[in-house]
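**Student:** In the order they appear, the protein sequences are chains X and V.
Note that our numbering has the first sequence beginning at 1, numbered continuously upward.
Note that our numbering has the second sequence beginning at 144, numbered continuously upward.
FYI, nobody ran anything at the bench for these hints, they're computed from the structure.
Glycine residues also receive a C-beta, built at the ideal position from the N, C-alpha and C atoms.
Any given hint might turn out to be false.
[Said to hold, decoys possible] Computed footprint of chain X on chain V; a stretch qualifies when at least three of its residues, placed anywhere within it, have a C-beta under 8 Å from a C-beta of chain X: (1) 173-183; (2) 235-248.
[Stated by the list, open to error] Straight-line C-alpha distance at most 27 Å; calculated BS3-like pairs for lysine-lysine: (3) LYS19/X - LYS253/V; (4) LYS212/V - LYS105/X; (5) LYS212/V - LYS110/X; (6) LYS17/X - LYS212/V; (7) LYS235/V - LYS19/X; (8) LYS178/V - LYS253/V; (9) LYS149/V - LYS253/V; (10) LYS105/X - LYS6/X; (11) LYS235/V - LYS178/V; (12) LYS178/V - LYS212/V; (13) LYS149/V - LYS235/V; (14) LYS110/X - LYS17/X; (15) LYS253/V - LYS235/V.
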Amino acid sequence: MEAIGKTFAAFEYEVGKEKIGEYARAVGEENPVYFDREAAREAGFRDVAAPPMFAVVYSSGSVAPALFDPDVGLNFAMMVHGGQEFVWGEPVCSGDLISTVTTVKDISEKGGMGFYVFESVSTNQDGQEVVRGTWTNIVRGVS
Amino acid sequence: MNVELKVTPDRYLPHRYAGASGDFNPIHIDVDFAKQAGLPSNILHGLYTMAQVARANVNAAGGDPRSLKRLSVQFRGMGFPEQEITVTGSVKHERGGHVIVAAEAEQGGKRIIRNAEAELDLAPSS
Numbered sequence: 001m002e003a004i005g006k007t008f009a010a011f012e013y014e015v016g017k018e019k020i021g022e023y024a025r026a027v028g029e030e031n032p033v034y035f036d037r038e039a040a041r042e043a044g045f046r047d048v049a050a051p052p053m054f055a056v057v058y059s060s061g062s063v064a065p066a067l068f069d070p071d072v073g074l075n076f077a078m079m080v081h082g083g084q085e086f087v088w089g090e091p092v093c094s095g096d097l098i099s100t101v102t103t104v105k106d107i108s109e110k111g112g113m114g115f116y117v118f119e120s121v122s123t124n125q126d127g128q129e130v131v132r133g134t135w136t137n138i139v140r141g142v143s
Numbered sequence: 144m145n146v147e148l149k150v151t152p153d154r155y156l157p158h159r160y161a162g163a164s165g166d167f168n169p170i171h172i173d174v175d176f177a178k179q180a181g182l183p184s185n186i187l188h189g190l191y192t193m194a195q196v197a198r199a200n201v202n203a204a205g206g207d208p209r210s211l212k213r214l215s216v217q218f219r220g221m222g223f224p225e226q227e228i229t230v231t232g233s234v235k236h237e238r239g240g241h242v243i244v245a246a247e248a249e250q251g252g253k254r255i256i257r258n259a260e261a262e263l264d265l266a267p268s269s
């Protein structure tokens with residue numbers, strides 16, 4: 001598969017306090033460090049902290065173009081999100097500028113199913129890694 | 144340490160999660176579209192359910208999001224709004240405040256996330 005190893009242009013995302021709050025409320029988070037600047041600073045964060053799974057918000061803009069890439073040739077009609085891993089580093093806070101680069105990690109076939117694995121690496125404005133995501137998509141009925 | 148969380152996403156949760164996450168795939172927000180695809184209703188975003196597994200682990204670790212170092216999940220089956228989700232997990236390995244938890248998320252007797260593994264640091268440096 002020639003698409004394996006292909007890397008896409010970096011996607012930049014500026015993290016905002018209200019977007020963190022919107023996300024945190026949607027997933028049922030209640031910790032004030034996700035909503036209140038003072039509470040976050042008291043807990044040792046630079047600013048309002050993003051919940052770990054906020055990684056989805058700032059990295060999906062990098063992963064989506066990889067999924068749609070014609071070289072990858074992923075059949076969306078038959079695709080399911082099979083698995084996901086995140087490895088967290090430096091916490092993400094409001095005001096951060098996160099840059100994410102996605103790579104096609106692997107494409108393989110087993111028992112008529114196609115496995116498409118993408119890796120996203122997100123770093124903050126100081127060059128610290130904030131999250132590394134592994135996105136596994138499964139496509140049924142590949143010949 | 145005991146990992147357990149129960150949550151019932153309401154009817155409009157998939158819409159709020161779509162807005163929050165940016166994933167507007169109609170299978171999550173359009174009941175007619177989902178029925179045409181052979182489903183009983185619109186389905187939850189898998190990453191929403193994964194966020195419940197993350198939340199359950201962070202809560203069990205004392206609530207500090209910095210304690211969650213890694214989470215991997217496998218999505219199996221589909222989750223639906225207006226039905227209770229139960230996340231459970233148990234410690235598989237522990238050494239020096241570093242804990243590995245095996246977890247899953249169940250809804251209506253079906254495991255919608257299985258083989259989840261969380262890595263927690265119980266004394267994260269801030």
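**Student:** Quickly compare the C-alpha distance for LYS253/V and LYS235/V to 27 Å and report which way the hint goes.
**Tutor:** holds (22 Å)
**Student:** Would you mind confirming whether the straight-line C-alpha gap from LYS235/V to LYS19/X stays at or under 27 Å?
**Tutor:** Violated. LYS235/V to LYS19/X sits at ~35 Å, over the 27 Å cutoff.
**Student:** For a C-alpha distance cap of 27 Å, please report whether LYS17/X and LYS212/V respect it.
**Tutor:** holds (22 Å)
**Student:** Between LYS235/V and LYS178/V, is the straight-line Cα distance small enough, at 27 Å or below?
**Tutor:** Violated - the C-alpha atoms of LYS178/V and LYS235/V are around 40 Å apart, more than 27 Å.
**Student:** Measure nothing beyond the straight line between the CA atoms of LYS178/V and LYS212/V; if it is 27 Å or shorter, mark the hint as holding.
**Tutor:** Violated, at roughly 38 Å.
**Student:** How about the region 235-248 of chain V: do at least three of its residues have a C-beta closer than 8 Å to a C-beta of chain X?
**Tutor:** That given contact is violated, which follows from only 0 residues of the region 235-248 of chain V lying within Cβ reach (below 8 Å) of chain X.
**Student:** For the pair supplied as a hint, LYS178/V and LYS253/V, is the alpha-carbon distance within the 27 Å limit?
**Tutor:** holds (20 Å)
**Student:** CA of LYS19/X to CA of LYS253/V, is that 27 Å or under?
**Tutor:** At roughly 32 Å apart (the allowed maximum being 27 Å), LYS253/V and LYS19/X break the hint.
**Student:** For LYS149/V and LYS253/V, compute the direct alpha-carbon distance and say whether it is at most 27 Å.
**Tutor:** holds (14 Å)
**Student:** Test coverage of the region 173-183 of chain V by chain X using CB-CB distances below 8 Å; three residues minimum.
**Tutor:** violated (count 0)
**Student:** Given the hinted pair LYS149/V and LYS235/V, is their Cα-Cα distance within 27 Å?
**Tutor:** holds (21 Å)
**Student:** Is the hinted pair LYS105/X and LYS6/X satisfied, with a Cα-Cα distance of at most 27 Å?
**Tutor:** holds (8 Å)
In this structure, the hints that do not hold are numbers 1, 2, 3, 5, 7, 11, 12 and 14, in rising order.
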